[in-house]
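Engineer: Residue strings, one per chain:
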Amino acid sequence: MKRIGVFVCHCGINIANTVDVDRVVEELRKDPRITHAQSYIYMCSDPGQELVRDTIKNEKLDAVVVAACSPSLHELTFRQASAEAGLNPYQCEIANIREQCSWVHEDRERATAKAVKIIKSIVAKTYLNESLEPIRVPINRRAMVIGGGIAGIQASLDIANSGYEVVLVEREPSIGGHMAQLSETFPTLDCSQCILTPKMVEVGKHPRIKLMTYSEVEEVSGYVGNFTVKIRRKAPSVDWATCTGCGECMEKCPVKVPSEFNRGLDDRGAIYVPFPQAVPNKPVIDRDNCVYYRTGKCKLCESTCEVGSIRFDQEDEIVEEEVGAIVVATGYETLPLQRIAEYGGGEVPDVIDGLAFERLLSASGPTVGEVRRPSDGKVPKEVVFVQCAGSRDPERYQPYCSRICCMYTTKHAMLYKHRVHDGQPYIFYIDVRTGGKGYEEFYHRAEEEEGVVYLKGKVASIFRDGDQTVVWGTDSLAGRNVEIRADLVVLATAVVPGTGVQDLAKKLKIQTGENGFLNEAHPKLRPVESITAGFYLAGCGQSPRDIPDTVAQASGAASKVTALFSKDEMEQDPMIAAVDEDVCGGCRVCISVCPYDAREYDEEEEIAVVNEALCEGCGACVAACPCGATQQSNLTDRQILEMITASLGEE
Amino acid sequence: MTRVAYYPGCALKERSAHLERPALGAAEKLGFELDELDSWTCCGAVPPPSEERIMNLVAPIRILKDVRDTGDEVLVTICDFCYNSLKRANHRVSTSDLDRKRVNAFLRENQPKRDYLPSTEEDYRDYLGEVQVMHLLEYLRDVVGFEEIAQSRSTELSGLRLAPYYGCVMLRPEDEIGLDSVENPTIIEDFLVALGAETVAYPYRTVCCGSYLSVSFPESSARLCSNIISSAAEKGADAIVVSCPLCFYNLDSRQKMISELYPGTKSIPILYFTQVLGMAMDLDISDLGFDKHYVDPEPVVEKALGSLKGGGSR
Amino acid sequence: MFEPKIVCFVCKWCTSAGADLAGTSRLKYSPNGINLRFMCSSRVDPEHIMWAFRQGADGVLVGGCHPGDCHYQDGNYRTQTRMALLRRVLDQLGIESSRLRLEWISAAEGKKFAEVMDNFSEELRKKGPLSLASKEMTV
Amino acid sequence: MAEGADNETTPRLRLDREKVRGEFGKRLDSLSEQHILACYQCGNCSSGCPLAEEMDLLPSTVMHLVQLGQSEAVLNSRSIWVCASCLQCTVRCPKGIDIQKVMDVLRQMALAEGIDHFGPDQVDPRNAAEVPQPGLVSAYRKLST
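Sequences listed follow chains A, B, C and D, in order.
Heads up: the first sequence at position 387 corresponds to 386 in numbering that gives the first Met the number 0, and the numbers run straight through without jumps.
Heads up: the second sequence at position 198 corresponds to 197 in numbering that gives the first Met the number 0, and the numbers run straight through without jumps.
Heads up: the third sequence at position 102 corresponds to 101 in numbering that gives the first Met the number 0, and the numbers run straight through without jumps.
Heads up: the fourth sequence at position 9 corresponds to 8 in numbering that gives the first Met the number 0, and the numbers run straight through without jumps.
Simulated from the structure, these hints should not be mistaken for lab results.
In silico SDA-like cross-links for lysine to any residue, where the CA-CA straight-line distance does not exceed 20 Å: (1) 508(A) with 66(C); (2) 296(A) with 256(A); (3) 455(A) with 55(D); (4) 11(C) with 635(A); (5) 11(C) with 71(A); (6) 11(C) with 520(A); (7) 234(B) with 469(A); (8) 111(C) with 513(A).
In isolation and in its complexed conformation, chain A is listed as follows (with noise of 0.2 Å):
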């Protein structure tokens, strides 16, 4: 007979104030497959566990139930404890009676009796467990880092610099990202090229870096520590080997489009590189707007070339790199002006976004850091600048704050007036919030020292009169509406998850939520992990945050990476599919359903066996299996069948 403790939280109140914690500790007793039953405070602190550690050893407990929260956060504590003990980990489990049980329930007696039930069908399942022992399987200590802004750039380099190799692939030509395009940083008001540019250049030139940019992820196979990803490596057109950088095809190249990298306030040609100091410094041929690939004639940029590295029959190419572990740095993008109407709708030359005015600030974007607005030329002398341009709107926009806009605005307000002295900077706002060192200070001295002018409320519409953009708000600490007939108008426009984001979550088979970013595995204790075993987030794709929260989390996920690394081989949970032999009657059903290719067919002894560094644990072809052979490990049909059963009670 196999000797049960179960161990009851209260949570404090969490668990207590909805489920009368004494009296399931009551009913408990009365199984006759229940050795003991107690409930304790807080079961997870330091004395929660010893108590659970001394009852195993004091009554000879061969299993334990632990019945507080979800699984996902204690799960491990209360099996380590165990295991202190001297249990078999497997032979502790989880009961949730708090998120799914008194967290949501409000009638105190129907939340006790469903408490018990759930007790009880854990009881039934840890009944039934056996020891198992964690599957070892080997770790291929090398890192994929997917996004090459500032958050990859960090996270690469960190994780080469411990001494693994680490492919970092970039869609764009260049690495560098948004942060590429900003002319100062807050609060510090340094230069953003002059902190960002040294770190590319290092990615560019590390040993340990295998840098592919142009280049997208198509598929990821495999599991933590072994996946297997291929990457589709887009055609330059130009034989990077051989191209020397000197940009003479880019001066002849006939085609003008708007520059991506400016915001659309310059051009580029169709063979270019997005920006002077990119990373590789190699251009790329737009293929859409090229006059060659349109027409079939042109060629210039090939007559051009001195090294002779123009390659019009390139094509893509698709790679497979071997790695342990993947962090995914896929970065945001901004709500197009053309979403919001009421702003003009994209359609009034002088609104433009936050990105568009950085390039118009920054010494290297195409105005050499004079501020011109786009529709004249003219140097804006009445600038407003209006914030939650699509944030905070869960009716018609984002519901979230984007974070670093009321930063940023402040900081352009700030440059504005460092650029244009006898200019007037106005910031329309709903809230300001400086949560960051030295963020307070900063927004102080732009409404002391720098005269910048905030009026509490959100503007309801804009439109262009004359060569004037009129902006109609509301000043409420004033208690008056406003209209202010402006020169340039800047709008802090929502922060969004980069386009693509959604696909490629898809192909890695992490989670997103509602607004389309990246989940995290906890918010608080789990920020930088994805559910998904061996992937680690860094940067705006998990959620909108400035640049040196981009860092520190960008760093964090770095020393996760190098955490799985420091192993030789990591322990897997045995919970998969096992086979009687004896029962198997090799009909394959199971190979047809696994999804991993983890179930194989023996042809010698004529029956399908299990690949347990492949098995994943669905369960699929269990359920498959016609003759009951394969069971899963510790979650059984006859585990199945005794949960239901017990949960649903007697009567």
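With chain A held as given, fit chains B, C and D onto it using these hints.
Structural biologist: For chains B, C and D alone, kept in the frame of chain A given last:
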């Protein structure tokens, strides 16, 4: 000739009757007949400040139920107020189980005598929102087609610079009305372009004219109307085009008060969209109802188009 | 009033996480269901469902990830096919197939989990208990 | 117009839990079928309000006072009567609050205190003879008992 059920509403039958006549005439030339309902009541104009929601619904739903019972699927109106109250009531009944049940229970027990409709309780069939309420502009866009209108027009309105005015209730609230974008509508512009006219962009086209404040706070309404008129005039509009009898009244007749309160405001004629359609369809000027305007549109129209049919010596 | 008993087979990655989110969001819903947590909805064998009905369940909920979001690539498609077949069998056995529900509830849909539980509980309350006669037929 | 509108002083608001989470807010919520506390004071309703210049309290201020249970201040304001129900605030509210409906209910509450805000005697007879009927119908439905 195609026949479509038509709800005129109170204003278009009485104080604003001159705006209805060109609609009927132009429709005929376009090959359809606006067939007025045999019997109808007030639509309610606006939801009253009553906590008893059901009473807002009784009038419009009774109208729509009668339309359905006579076998029609579409009901056309040419007044923004009627359009708004009928369409919103219809939306409410289509989306709220509770409202649908309550209003039908009320109507079932309080059926008026109609010799052409069944009136016993057993014959009553719940109204579920079956009728599609359409603004005439919407009907012209979605059923007749603006391209078809461009083909059929007999007078080219080129040279006439018109400023569309949408006002409030034709478009809002967006999720219940859904006629066009509330921030950037184009239906009146598209309509005027189909007639060959030039349109004028100005920022006040969806800003309220004061609506019923014309009764309670006439000066407030005058201020709003002066903004609209000045802005349109400044952008070179020959006239403002409206689709609501109250907007028409506020913008046209209020120009007397505006000129007193805001001297120097340019006077500008106001045209109902039905009148513009009538002009393009070559209706006789006597059918356009220009004689009922405070600001006579005839000189502006004549200057742009030459004399209209039957016009020149009114 | 009759309170139905519901057995909920939920996958660890999506539906159980969604139920946890309902908890952390402190949403309130009917306590009629007990969640049994599997790695994937594709672990659910039709036999488990038949057993649940036989043991006195008035309804069974199977919750998985949205199509395309399965942590195990396509487990939820298998579940969908299996449930469709099982529904036919249930109807033949005299158990209304609507007593078996398949729902896709993601980790972000705490609200949906709560709504499904409320809505399913209410539907089963209206239906009343699964009759004994039909239960015998399942044996 | 009630006295509140002409009051040139700004007496302090006295807040207590009875007031800020009392019957007034609950009744307003239930009559308007809106959730007043959803308003986070972005000010968009005020920014776009064509009648704001005629008001003593901006629409967003009305919403805020309502959240604080200040029934006297809002029910005695000029703002609720100057609102033309043009729905601009309603369609732009980022939280989806039908602010026009809230104004409607405030008018109704004020009217329930027993005074017709707007009676037939208050309208200029020449005006009454001319205004298209929807204007008269709306005015009386919105502004009188």
